[in-house]
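Protein chains in written order, with the working numbering: chain A, 1 to 234; chain B, 1 to 273.
Some clues are possibly wrong.
Pair ranges (Cβ atoms, derived) [what the hints assert, rightly or not]:
hint, chain 1, residue 1, chain 2, residue 2, range
1, B, Ala166, A, Ala169, 38 to 44 Å
2, B, Ala238, A, Phe8, 45 to 51 Å
3, A, Thr3, B, Gly44, 19 to 25 Å
4, A, Leu4, B, Thr216, 40 to 46 Å
5, A, Ala220, B, Asp164, 37 to 43 Å
6, B, Glu264, A, Leu216, 38 to 44 Å
7, A, Pro57, B, Asp164, 52 to 58 Å
8, B, Gly258, A, Leu69, 47 to 53 Å
9, B, Arg99, A, Phe56, 57 to 63 Å
10, B, Pro169, A, Phe56, 53 to 59 Å
11, A, Ala169, B, Glu89, 40 to 46 Å
To list a few chain B residues with every Cβ distance to chain A over 10 Å, as calculated [what the hints assert, rightly or not]:
hint, residue
12, Ile56
13, Arg59
14, Ser272
These aren't lab readings, by the way, just hints derived from the structure by calculation. All C-beta atoms, glycine included, are put in the ideal place defined by N, C-alpha and C.
Here is how the chains run, residue by residue.
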Amino acid sequence: MTTLGDSFLTAWQLVAAADTQLGSIVWLSLRVSLAATLIACVVGMPVGALLAVGRFPGRRVLIVLFNGLMGLPPVVVGLLVYLLLSRAGPLGQFGLLFSPTAMIIAQAILVTPIVTALTRQVVADEWSEYREQLRSLGASRARAAATLLWDGRFSLTTAGLAGFGRAIAEVGAVMIVGGNIDGVTRVMTTTIALETSKGDLPLALALGFVLIAVVLSINAVAYALRGWAERRWG
Amino acid sequence: MISRRLFCSALAAAGLLGAGLTQAQERFITVSSTTSTEQSGFFGHLLPAFEKAAGIKVRVVALGTGQALDMARRGDADVVFVHDKAAEEKFVAESFGVRRQEVMYNDFVVVGPKADPAKAAGKDILEGLRRIEAAKAPFVSRGDKSGTHAAELRYWKVAGVDLDKARGPWYRDTGSGMGPALNTAASMNAYILADRGTWLAFKNRGNMGIVVEGDTKLFNQYGVILVNPAKHAHVKQADGQKFIDWLVSPEGQKAIAGYKIGGEQLFFPNASR
Numbered sequence: 001m002t003t004l005g006d007s008f009l010t011a012w013q014l015v016a017a018a019d020t021q022l023g024s025i026v027w028l029s030l031r032v033s034l035a036a037t038l039i040a041c042v043v044g045m046p047v048g049a050l051l052a053v054g055r056f057p058g059r060r061v062l063i064v065l066f067n068g069l070m071g072l073p074p075v076v077v078g079l080l081v082y083l084l085l086s087r088a089g090p091l092g093q094f095g096l097l098f099s100p101t102a103m104i105i106a107q108a109i110l111v112t113p114i115v116t117a118l119t120r121q122v123v124a125d126e127w128s129e130y131r132e133q134l135r136s137l138g139a140s141r142a143r144a145a146a147t148l149l150w151d152g153r154f155s156l157t158t159a160g161l162a163g164f165g166r167a168i169a170e171v172g173a174v175m176i177v178g179g180n181i182d183g184v185t186r187v188m189t190t191t192i193a194l195e196t197s198k199g200d201l202p203l204a205l206a207l208g209f210v211l212i213a214v215v216l217s218i219n220a221v222a223y224a225l226r227g228w229a230e231r232r233w234g
Numbered sequence: 001m002i003s004r005r006l007f008c009s010a011l012a013a014a015g016l017l018g019a020g021l022t023q024a025q026e027r028f029i030t031v032s033s034t035t036s037t038e039q040s041g042f043f044g045h046l047l048p049a050f051e052k053a054a055g056i057k058v059r060v061v062a063l064g065t066g067q068a069l070d071m072a073r074r075g076d077a078d079v080v081f082v083h084d085k086a087a088e089e090k091f092v093a094e095s096f097g098v099r100r101q102e103v104m105y106n107d108f109v110v111v112g113p114k115a116d117p118a119k120a121a122g123k124d125i126l127e128g129l130r131r132i133e134a135a136k137a138p139f140v141s142r143g144d145k146s147g148t149h150a151a152e153l154r155y156w157k158v159a160g161v162d163l164d165k166a167r168g169p170w171y172r173d174t175g176s177g178m179g180p181a182l183n184t185a186a187s188m189n190a191y192i193l194a195d196r197g198t199w200l201a202f203k204n205r206g207n208m209g210i211v212v213e214g215d216t217k218l219f220n221q222y223g224v225i226l227v228n229p230a231k232h233a234h235v236k237q238a239d240g241q242k243f244i245d246w247l248v249s250p251e252g253q254k255a256i257a258g259y260k261i262g263g264e265q266l267f268f269p270n271a272s273r
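Looking at chain A on its own, in the form it has when it is part of the complex:
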């Protein structure tokens, strides 16, 4: 149990000392995962809403597809993006491999199905409730989808947070497309993996505690914001 105790202590010391290197790693993790989540929301939420209210051939197949893709293995996504961005790959000319941009792309791919599937569920529930009302107002399906998205915006924060949680916790994809380069693409999870490799388990676990604390804080802020917004505009 000494390791666990050591880790708590180390985690506390790291935070208390406001270690600048740790700070920049945490900041990079947040920027990459937030950017990926935002992209996923911009793409996934409209698609999810259209899947919920739309009627077109292949809709059911798409629903099953997005639900299934929630379980995309990060390593596979990483490998896919690696092969695409590699100099020998189709997008190699842009030289994006081993950059934070590559990490954002990989995480966005990973997270978009999660946001899409959860959004579809939220909007589908609303749709069954307000369907007649929206119809009687003569709203088109696209208009209905937009209205329901806006209407369900508070419930949809959970979809965004689920996506963000997946992105920030993931190591397989960012390790492959980022390369864990010190000071350039090293994020929290890859740092933890590296320290584990070095056999410094207490430090690795300490970094894990810091990561959990960061994720909890983000969720707390989101929860508070949501409550405030709901009182103000809800």
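We have chain A; now place chain B onto it with these hints.
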């Protein structure tokens, strides 16, 4: 329309987050190297000296030697810095690399339980391996096509142990880097072939110690190769060559010799100029 405005501001925010990340257009080269040089803390010591001298940042991607060479074959690195002479020469022969230059060496050691149940202790790597096999004592293999893995397979072969036949539950192929494999060995009380550098820097030693060391066969040479610009036009030839020239220069060689853990030197410069 509210949702469109929201949509646009979300896109803008994502753009801003991303833009902050790519703005720094610093001068850098990408080096694919091995887990042993990264996980032993060696690059953390060496690279700042070069970056200060040349004003070129070195971005290291640490993989097993096989993977590192593969990454360079795809054109994703400017310089390769690895330790598997046979594989490196093949790389150059296939004209993926310009020229191989030797930089430094360290040595392999066999690490195992201090109690040494297989009685493998000594100076002779081949005899040590034979005894481990005879005792069917647990042995952890990297199994990841790294330089260390290649060396291990060579030693078994020279020792006259046919792994295809001898392989059993005692031989554990982990498919992982040096550090993770050491973690596995420590928790299973197994023997393992490791490079001395990673072992010295390794913290989770448990009940393990060095069992075999000092055999001249355990010599482990590191080489550096510039990726051939004729194969991949975007290779940063000038800056990559600067890094190589610095590594084999007296200044670079001195910096290599200067890295120590607990007073013990990890890598020994022996550049061929």
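These are the hints, each one checked on the structure:
1. Hint check: Ala166/B to Ala169/A, Cβ distance near 41 Å, so the stated range 38 to 44 Å holds.
2. Range check, Ala238/B to Phe8/A: Cβ separation about 49 Å, and the 45 to 51 Å hint holds.
3. At about 24 Å, the beta-carbon gap between Thr3/A and Gly44/B stays in the expected band of 19 to 25 Å.
4. In this structure the supplied range 40 to 46 Å holds for Leu4/A paired with Thr216/B, their Cβ-Cβ distance being about 44 Å.
5. Taking the beta carbon of each, Ala220/A and Asp164/B are about 57 Å apart, not inside 37 to 43 Å as hinted.
6. Judged by the Cβ atoms, the range 38 to 44 Å given for Glu264/B and Leu216/A holds: they are separated by roughly 42 Å.
7. As the Cβ distance of Pro57/A to Asp164/B is approximately 54 Å, the hint placing it in 52 to 58 Å holds.
8. Taking the beta carbon of each, Gly258/B and Leu69/A are about 51 Å apart, inside 47 to 53 Å as hinted.
9. The hint said 57 to 63 Å for the Cβ distance between Arg99/B and Phe56/A, and at roughly 60 Å that hint holds.
10. Look at Pro169/B against Phe56/A: about 56 Å separates their beta carbons, and that is inside 53 to 59 Å.
11. Separation of Ala169/A from Glu89/B is about 42 Å and conforms to the stated range, judged on CB atoms against 40 to 46 Å.
12. Interface exclusion of Ile56/B from chain A stands, the closest Cβ pair being 14 Å apart, more than 10 Å.
13. Not every beta carbon of chain A lies more than 10 Å from that of Arg59/B, the smallest distance being close to 4 Å; the non-interface claim is violated.
14. Every beta carbon of chain A lies more than 10 Å from that of Ser272/B, the smallest distance being close to 29 Å; the non-interface claim holds.
The structure shown violates the earlier hints numbered 5 and 13.
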